[in-house]
Structures are given as C-alpha cells and as structure tokens.
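Student: Below, each chain spelled out in residue letters.
4 protein chains.
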Amino acid sequence: MNTFGSLFRITTFGESHGPGIGVIIDGCPAGLPITAEEIQVALDRRRPGQSDLTTPRSEADRVEVQSGIFRDETTGTPISLYIRNQDQHSHDYSHIEHAYRPSHADFTYDQKYGRRDFRGGGRSSARETAARVAAGAVAQKLLDQHGIRVSSYVSQVGAVAVPVGYEQLDLGLIDSNPVRCPHPETAERMADLIRQVRDRHDTVGGYVTCVVQGVPAGLGEPVFDKLHSELGRAMLGINAVKGFEYGSGFSGVLLFGSEHNDAFYTDEAGQVRTRTNHSGGIQGGISNGQDIYFRVAFKPVATILQSQQTINDQGEAISLAGRGRHDPCVLPRAVPIVDAMTALVLADMLLRARANRV
Amino acid sequence: MNTFGSLFRITTFGESHGPGIGVIIDGCPAGLPITAEEIQVALDRRRPGQSDLTTPRSEADRVEVQSGIFRDETTGTPISLYIRNQDQHSHDYSHIEHAYRPSHADFTYDQKYGRRDFRGGGRSSARETAARVAAGAVAQKLLDQHGIRVSSYVSQVGAVAVPVGYEQLDLGLIDSNPVRCPHPETAERMADLIRQVRDRHDTVGGYVTCVVQGVPAGLGEPVFDKLHSELGRAMLGINAVKGFEYGSGFSGVLLFGSEHNDAFYTDEAGQVRTRTNHSGGIQGGISNGQDIYFRVAFKPVATILQSQQTINDQGEAISLAGRGRHDPCVLPRAVPIVDAMTALVLADMLLRARANRV
Amino acid sequence: MNTFGSLFRITTFGESHGPGIGVIIDGCPAGLPITAEEIQVALDRRRPGQSDLTTPRSEADRVEVQSGIFRDETTGTPISLYIRNQDQHSHDYSHIEHAYRPSHADFTYDQKYGRRDFRGGGRSSARETAARVAAGAVAQKLLDQHGIRVSSYVSQVGAVAVPVGYEQLDLGLIDSNPVRCPHPETAERMADLIRQVRDRHDTVGGYVTCVVQGVPAGLGEPVFDKLHSELGRAMLGINAVKGFEYGSGFSGVLLFGSEHNDAFYTDEAGQVRTRTNHSGGIQGGISNGQDIYFRVAFKPVATILQSQQTINDQGEAISLAGRGRHDPCVLPRAVPIVDAMTALVLADMLLRARANRV
Amino acid sequence: MNTFGSLFRITTFGESHGPGIGVIIDGCPAGLPITAEEIQVALDRRRPGQSDLTTPRSEADRVEVQSGIFRDETTGTPISLYIRNQDQHSHDYSHIEHAYRPSHADFTYDQKYGRRDFRGGGRSSARETAARVAAGAVAQKLLDQHGIRVSSYVSQVGAVAVPVGYEQLDLGLIDSNPVRCPHPETAERMADLIRQVRDRHDTVGGYVTCVVQGVPAGLGEPVFDKLHSELGRAMLGINAVKGFEYGSGFSGVLLFGSEHNDAFYTDEAGQVRTRTNHSGGIQGGISNGQDIYFRVAFKPVATILQSQQTINDQGEAISLAGRGRHDPCVLPRAVPIVDAMTALVLADMLLRARANRV
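Which chain is which? The protein sequence lines are A, B, C and D, in order.
For the first sequence, UniProt numbering gives the first residue as 1, with consecutive numbering after it.
For the second sequence, UniProt numbering gives the first residue as 1, with consecutive numbering after it.
For the third sequence, UniProt numbering gives the first residue as 1, with consecutive numbering after it.
For the fourth sequence, UniProt numbering gives the first residue as 1, with consecutive numbering after it.
Please note that the accuracy of each hint is not assured.
[Unchecked claim] What the simulated footprint calls covered on chain B by chain D, stretch by stretch (three residues with Cβ under 8 Å from a Cβ of chain D suffice, anywhere in the stretch; the number is not a length): (1) 2 to 11; (2) 62 to 74; (3) 112 to 120; (4) 232 to 246.
Hints were generated in silico from the structure; no laboratory data involved.
By construction, the Cβ of each residue, glycine as well, lies at the ideal position given by its N, Cα and C atoms.
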C-alpha cells in the first residue's frame, strides 16, 4: 500500500504528470505549530533546478495545505498537503508509451497491473518523493520538540568519498555547497565528477550518510519493527536505493566480537554512554541514546541521454534514448528525502513509545 | 509489534527461558499440504549443537502444532506452532540480572520498558528466531506451489569470502558442510577461522547471500512496500544484522548509469530477460522475473567468553564475562533464518499480488 | 485513524470549512473502468438542496480526480478524489467558537485534542461523508463486475414505518421520491412528518434498511472481521448512527431456536438456499449466498433552530440557537452514505477472499 | 484476520477439538501487575457447567501463561495465554462431517475454504471466545489503573425483560444468580423460561446490556474508529450476536431533536455533565465522561436437540439432530465475553489516546 508508518502515518498519491501529487498525514498529534512556509522550505531543498549539478527543470513545487492545520497548529485531524504539477501537458511521452526503459519500472508495472501511466514514469517517478519531503517537514517539527536533529549528507559520489567519519565533520556545512557534502574539498571533487558525467550524457550514484542526534534511549520495537529495520525499510523505499547499513555495517565483519562490542560507562554527568559506537546508537533494535548513523547506497540514475537497446511491450527489440532534462546524479536532491524519511520513522517511534509502560 | 507480514502474517511470542516460544501464522490459504515433520526439518537446520562450529548446547526444539492444520492440510484458520524450552530452570542468570552486557539489549530494554526478563536475554534472545524458522517452513510450502526456490548460504566469515558470484556456485552444496557455504575450499577456510576464533574465546561475523529463483514478474508493491524494502526490513529484523544490499548494492556506485542499466531482450523462448542483473531481479520495487539476490551482514556475536568492562543497572562500573555455551559465529545457523524470512516476505507478496487487477 | 478497509482501503481528509475534503482510495485493482462523471452521480444523491425536505443549502460538490485513473481506467495506484468547499469564508461561526453545542462533538474534540476547527463542525461535520460517497462509487464499480447490487432505502422516519419487508418492495422505486422510500404511501407520510418537524424548527430520526443482492457465498473473515462486524462498524461510523442489526436482529430474541434456524435445501437449479433468512445472508460471519439485509438507526439531527441551554468552553452556562440552513431529517441524504459504506465493505471482502485458498 | 485491536492487540487461535485454544496479547504496556489466577477468575465465569441453566459439560479451562509475564508483571513483550482442550478425542463427530447444520457456519466455511475442521464446529465454535475472555482479564487490569469499570448483565431473555434502566439497578448483584441478571425477580423469571426451553430441547436468545463507568472524556477516534464503532464491531464479532445499539439506540427515533439532545451543564464540583444521556456517553465517536451504555442482541443458539431438515455437502436432503450437551441459552455465559471485548476496546483506546497531543 501507499502508506508508511504506524501511528504517525502518511499516505502519498499522485503521478508525475497527472494533476498533482500529495500526501495525507494521519496521526500527527494536535497542537504542533507548523506553517505552509516551513513545509515549503523543505520542499525547496528537493526542488529541481537548484544548481548546475541537478536537472535544469525548474519546478515551483508550491505546497497547499488542504486540511488539518488551523491557526498555524495541527488539530489532530488528517493533514493533506498537495503539490500541483506544472505544465503537465507540455511534454510528449509517446516515445515511451510502448517502450520498456532499461532499469526503470515500465516493464514491472505492466507485468503487475497490466497497464501504466507512462507519462514521465507515472507513479514510479521520483517526483512522488516530493510528497514524502513535505510530510517529513511536519515530522521534523515533532522531533524539534524533543531535541532530535536529523542531518544527512552526501558522503560518496562514484568513487569520490569523504575521507573522515561524521564525527569529524561540521554538519552545519551540509547546505554550504550544491553537492550537500560538508567536507568542502571533497564536495569540489564530487561536483567535478558530476559535471564530467553530465557532459558525457551519463549518470553516477553514491552514498548518503545520515546522523541522528539527540534521540532518547528507548525508541524502537522488538522484534520485527526494530528501529533500524524501520529505517532500513524507509531508505530502501526511496527510488534508486540499493543498500542500507547502520553502525559498523558491512565492514563490521572485519572486527572480532571483543573489538566490536561497545563498552558501557557512566560519564561525569551521570549519563550512560558507550566508549565506541559500532552499534550505531541502536541495540536490540532500540535506541540507546548514542548517535544513530547509517549509510544509504544510491545507484546511478537509469535515465541517460544515450541510445540504449531494449524492447517494447510487444517484446520487439528497439533502441531508445532519454530526452529532456534529467539529473546526472540524484545524491544532492536525495539528501532531503533521506532527512524526511528518517524524521517520519522517528516521529512514529516517538508516538509508539508512549505505550511502553503503564 | 511482534507481527510480520500483511496477508501472510506471523506473530511470534516467548522468551528464551520462559516455558516456550511460538508463532501464530494468520492468513495462510486453506488447502496447503504441510506436516509437523516438514516444519521440524527446517527447525533442525537452526538447532544448536549441529557441529563443532556452533554452540554445543543441545536443544531438541520439537515443534507442536496447536491449531490450523487438519488432516495434514491448512484449513485457513490460524496455525499455532509451539516449541517448549528445555531445562528452563537449569541455568543461573543471577550474574546478569543487574548487569548491562555490552552490545546486548539489556540496557535498551530497561530504558524502554523499565524492566526485562533477563534470563538468557529473554525476548531479545536469538532463540526467538526459531519461531520464525518454523513459520518460514509453512511459507516455503506455499512458494513450492509456485516453483519459487530460496537458497541462502554463507558467503563471507570475517575476511574469508567466497571468491565467485552465486551464478558460479552449485547451490545444492549448501548443506554439504557445517558452515553452509557451497564453495568447499572457502568453507574449509571459514571453518578454520571459526575454530580459531572459538579457541580465543572470541566471535566473528560475516555475510549471508540469498538467491531466490523462479519468482514470477509482478511481485512487490509501490511505493513503500517495495519487494526489496520488505526483504531489507525482514533481514534487518534478524538479530545481529547490520546491513542489507540487493543487486549491485553498495558497489553499484562504482558503475556509471550506462554500465549499470540492465538491457532488456527477448530470448528464444519468447521470455523477457535482461542481459545483466544489477537490478537484482527487482525494478521499481517489483520483481521482473530474473533471479533475486541480496546480501546480509551479521556482526560478530556480542556474547564472548572474555571479561569485559561494563556497568550495572545502577550505573556502576563492573566487569563481566560470558558463561555457558555460545556460538563463536552465528552465520551457519543464520542461513535457515534468512531462508525463512525471505520465504515469509515472498508468501506475503504472492497473496498481495492477487489483488493487482480486477 | 481516518482509514477504513484492509485491501480496498480509503483515507478521508478535510474539514467542513477548510479548502476542501477528499479521499484517497488505495488498493483498488487495476483495470476498473470508471469516470469522474460516474462518481459525480453518486455525490449528487448526497448533495444538499435536492428537495424541500433537506437543507436548502445548495452545494455543487464537484469531484476532481487527482490521481490513479488514466484513460478512464484505474491503474492500481492511489486514487485521489477531491471536492472543493464552496464559500468557505462566507459564514460567521464566531457564535460557536467557544460554545459546546448539545449532542455535537465540540466538547469531546476539545477534550481529546485541546482544540478544534469550530467552523461548521470542522472534521466532525457530516460533510466528511461526501468523501465516503465518492469512494463508494468506485467500490460499487468493482461490485458491478461481480453482479452485486446494494440497495438502501428509508424504512422509518420517527414513528412512520414501511409496513412490509424489503422482499415485498420494488427497490427500483427508491429514488422515485425525495424521501428515498420505495413504498409510495409511506413516503408521503414521511414527507409530511419531515415538513411538520421542519416547520417546528425541530429534527427527526429514522431507519435506513439496506439490502445486498448477488453476494457470492464465502465473503467475510472469522473471527473478528466477520462480514456483519465490518458492516456494523461501517454503519456505526456514519454520523448520527445509534444502532445496527442484521437479519432477525433485536427481534430475533422473540423466536426460539427451532423457529429461528434457517433450514438448508437445494433448489431445482442445484443452488443451496435456505427456506427462511433470519441469518440475513451471513452465517458464522461469512456470506451464504442469500440476500444480506440490515437496518441502521439514525438519531434526530443535533442542530436545531431553537434556543438550547448549554455551556461554553469556560464551563459557563449559555443559551445557543442553531443558525443557517440545516436538515430537519438526514435520512434521505443518509441513503447514499449507507450505500457507499456497504459497497466499501464488500469490495474489501471481495479482495480479501482472493487469499482464501492456495 | 484473527487479530483485534490496534495498540492493545490480541490474536486468537485454536479449534474446538484441536489440542487447545489461546491468545497472544501484543502491545500490553510493561509494568502491569497480573497473575494467572486473576485471568482464571475471568475464565471461570465463562466456563461451561456453572449451573443447570447452561451446558452440563464440565470443562476445567485452565489458563497457562507461556510468555510476557515475569515476576507477576507484564514485561511489554507478547503475552501468550493457552488453554488446553479436554478430552479432545472423546467425541464422535462423524455425523456432522458431511452435514451442514442449520444456521451454523458449516456451509459457509466450506464455501470459503473448501474444507473445515468439523469437530465441534472447529474454529467457528464459541469455544474460541474463552481466549478472548482470558485476554480481556488482562485488559481489565489496565482499566483498573484508570478507574474504569465494565459491568455487563443479562437484560432480556426471550420476551422476559428487566423493567428498569441500568441506573436503577445494583450492578453488584450481577453474579448473585446464575442468569447474571441484577434484577432478582426478573432473574427468576428468566431462569424459569430457560429451564422450560431446555426441557423442550429448544433454545432462546436475549439481550446483554453493558455499562462502562469511569471513562475519562476523550477516548475514541474520528471518523471510522469511533468509540461506539469499535464497541459495535467487537460485539458483532461475538458468536450469535445480531444487533448492537448504544445510548438511545433504535428507540431514539421516537424522540425529536429538541428532546434527544443532551444539555450540558457544569455541576457543583466543576465537572461538565449532561442532564440526559441519550448519547450513551459518546459524542462524535469520543467519550464525554458520562456513563457509556449499550445493548447487544443474541439470537437463540443454533444447536437444538431436535431433528431438523438440512442438506449434506453433496446437496442432498438429510435430517439431523444435535447431540451431546449444549446451552439452551448462552446469555449467562455471554456476559463475561461482553465484559472482555469491552475491556479490550477501551484498553486499546486508552493507549491510542496517548498520541492525541504533542
């Protein structure tokens, strides 16, 4: 289903080239201060056309609040956020009506549903994620009330990687460059790579790292709804994501148990802490009060402005080239989506934790 | 909640040292032939004490069918499977009643619930996964009817990795050695490493690779319940898992879009296929009929038979050493758990797909 | 939550005097032919201002399809239906901003949420049911494909009751008069009563009877999601509903078991039938192929154009009179809502039944 | 599905003549004091063989706690309660293996699932409700902490009705007689009627009235999960229930709006109250702090010890008579089931209300 979350729950709708896209947020507690402008700020970070590194399409993406907010406060009723599509009729998509674009969802949607709205990818378009970003802005407002900060950044593009861990970065620099990498020298190299790839009419993938600070101990649910299971599911639900790891992740296998275990201690302020954080702030699926961090792998975008061999819906071989304006690298625009989905998971877990004890 | 799945839905219960553990399977279609013996076969693969590589604890783990199966067929009503705990009173757990074991869930459960059943880890013990394995055996029976085969194997232990991809392995060899690695030479080296680690009273992690063959195109749900999102969530819900990647995964970022895209073609039999399978059999969250494959990272087990520094529930520094019989490496016993959770996801998606079209 | 249904699932949003109201339909199978015009027809039956028996407010209630329908067919993606509110700023609601109207939801919303959108009842307004009617039109299209017909009618207003059972009525006459009672003489008497009540500035309640024909045997789920449990829940969720009974209902207690039991027989066509239908077409929570029928009680509308004693949100006694244009009797306009909710339950059960057997 | 509730959630399993029946309670907050003995007390009220008015079958129905309770407190993990069936092999059910008993679920289960466990009705047997009663005892413990009292009683058997409302009864007398009617003279007449019916080998139905006192204002969820919608659904899910009404119910249509509205006032203690309570303590689907009351109609039991005409699973006419020991009237034993389901709904709503506000 097109619903995510248990108590803080969103349902998105809309196709890339239909009238618009939107989201219903159900379960947001009453009394949360929020304005359309605050939601717009989040949307603007995902908007196309922000720099020469992303698609030159310029879309306004203005959010309209249709319900659930009254006098700049949530009322406890469903919040409907709607974003009209611009120029929905301006493009010609007849060349892909019957084509199966490589590594897109054209073939699989046809197999599943027996039909698809082929215009711009329809429902499978990454445009749908704008609705998630809008909802995430509301979730983040709830996190604000608990002092929880979500900071995602681009940590690798192709083979160009930030050489240090997040602890050694100034996360305040994330938006200081169009790549959204808070390590300025690496950001430059990433930007260069993206421009090269763009000029070759190709695309490149990368990693987003996300850090969540200020999470109280006790969030997350055993055994299937572990905090990291929900985060992983949320990330894997973002278009183009191929992998998720948290804490020590895949490289944790290179440590032995005696090295990997995070020793507990009580600090001077009487706070329980761990000397290392291979656990990534989550133990047994529940937050332990340390920083949560995880990494998300995005494949190179499937739409390339080169001719490719594929088939049409009759199974006949054809060649096909992408048209129009596309992102050579989605990573910079993926950052606000990772932020949003992370905020949504945490908002949900905050509400669920209210039922922990009598 | 302790429930997994939407239409083919399981709910597990039970603590490591309570009377027993079990699972309720709800939504299994009527008319599926299944016997307790078939479930037992799956459980036996997860059972402790199978070789010198795993814990020498010997637990019978006999499954009892309490409901839902009549005359060796499912009836459509809930299937209750129960496994009594052996010797539940035989161990002394007083040394950990007030201790927070490093990288275990003791601290976080206390933070969340204000109490915990500390005996053997209680609910957070990996013993709970036996219930999942039992349920997975029923799910696999449903997959059998559709020709879907799930094959998991140990692909890496510490730094010892299978040097080839799954396509070059004989998956029939998985159970031919106690490591459950179908590459015999590598299996030997893995076994050596595990014995070394065991003798050092340490532990080691690794990867399980899972391959699913025979999946029809069209399984999976946009946009949040993508097939790989559900698989990822299922894997991340297994104890000790730190990461999940499918298809090209994390290394996919080293390819450009023009290299990563999987070109469609129609084979001689008229079947739509792709020339490469970086997509891992899933496009837009929906199966495309090619092999599904993914990889799961397990950290080294947290229980080590060495003394470690930690704190107790008063925040006081203590030192603590694991007692009893534990696995130096969970990977061989993780294989049937990965199999089970994969089967459960696919069984659920098979049922969900029945509502795709009018 | 504001979601109804399991597989054929709707989520409604919107307040009486916000920008608009709407519904997201998720899980509707692909390939269902449907047009905005067909949805509009259902909405027009619920629309205010249809006769002198209902509120003279004239609202256009035009439905806009925002997603999920392409080339007049459902695509399997969420269907968003939106109805803009007219003249949302034209009324002055300051007299009820701080008042608790008797037998309205003003007090309880304030108690629950600490605030409310007081304009026209906000979310608790019956206006929200327009969204349900729009969704029900889509559900009915699915039922059409299975030959299932839902027919609701007004069977009692105040003490004026249709003197015969549904079997003796021509259900084709339901829309032949503004009361929506297919027994013309009774309809006349009901209309007279409603006009009298209206002229006294009072309101009156009544019953809607619903008959569902053509339901195949086998719909409904034991043990909690029985077909009649879901129907009952759906009806009780409609504003002003106070009771639900199906089959013999409350009067069934006047029969002994030997009289109440419905004897099975096989008719000439080889169909299994029952000689009586006290079961109301449902046995053990599952449809048995006979007609389903039930009855729903609506209280008199709470808004009356008379002065009433009540309190304000400071607990102070005040007197208050309804203003504007209201329904003296909601029964005629409740009929399409009962139709819609019934269709939604059955559409959901039709999809759920697809998982009954392997 | 066999699951009820959202946050305080139960899943029942088991057949009448399988090894046993049981329930998993998921979402019960940690720290609730509860013992097996307390659960047993509730079960004993539902147990067969309590008086000469109910079935003379004597079943011990001993509850076993399999998980989730440690040191007489809930731990926050799933609570598994199991009740072994006695003498599961002692009866011969071959006479109904192929017969469709009138007004039972035999035919509909066969239609739905293509098979059924025919022994004693299998899953459709009212025996399943013992699991609900056990779970309800845990829910009631949670209500105790909030001062919420649930009191159900038999208010009518056949045409013999308690002549006064619940306000004029001493609810402490409910268990003072085997009928569970707190109006002693009426209880006598009911008992007489039940004995007459029993001696005629027939059965009789009736009403249970339920009163819930001490409910705080603010429980219940708009718009589909109204408090009375959930109560209605819960009641309609009990075997043999044909109707539900709350507050003024079906007879509310005989009042005009000016009579039916409940005027608010502030009492001497500063509490908001209503002068009448036609609303039954629920307005807009949310509790208003007044007493909640509702009424549930039970049909006469379908199993009668008389010969009846019916068909077998080949569609052939047969005659069939009930055997063994059955209840001539389920009302006395239905009382604890109504109590249990009511407690479960309220426990769920209590937890859900924790997410109302920031």
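Student: If a hint holds in the structure, say so; if it doesn't, say that too.
Tutor: Evaluation of the provided hints:
| no. | hint | result |
| --- | --- | --- |
| 1 | 2 to 11 | holds (count 4) |
| 2 | 62 to 74 | holds (count 7) |
| 3 | 112 to 120 | holds (count 6) |
| 4 | 232 to 246 | violated (count 0) |
When the structure is compared with the earlier hints, a violation turns up for hint 4 alone.
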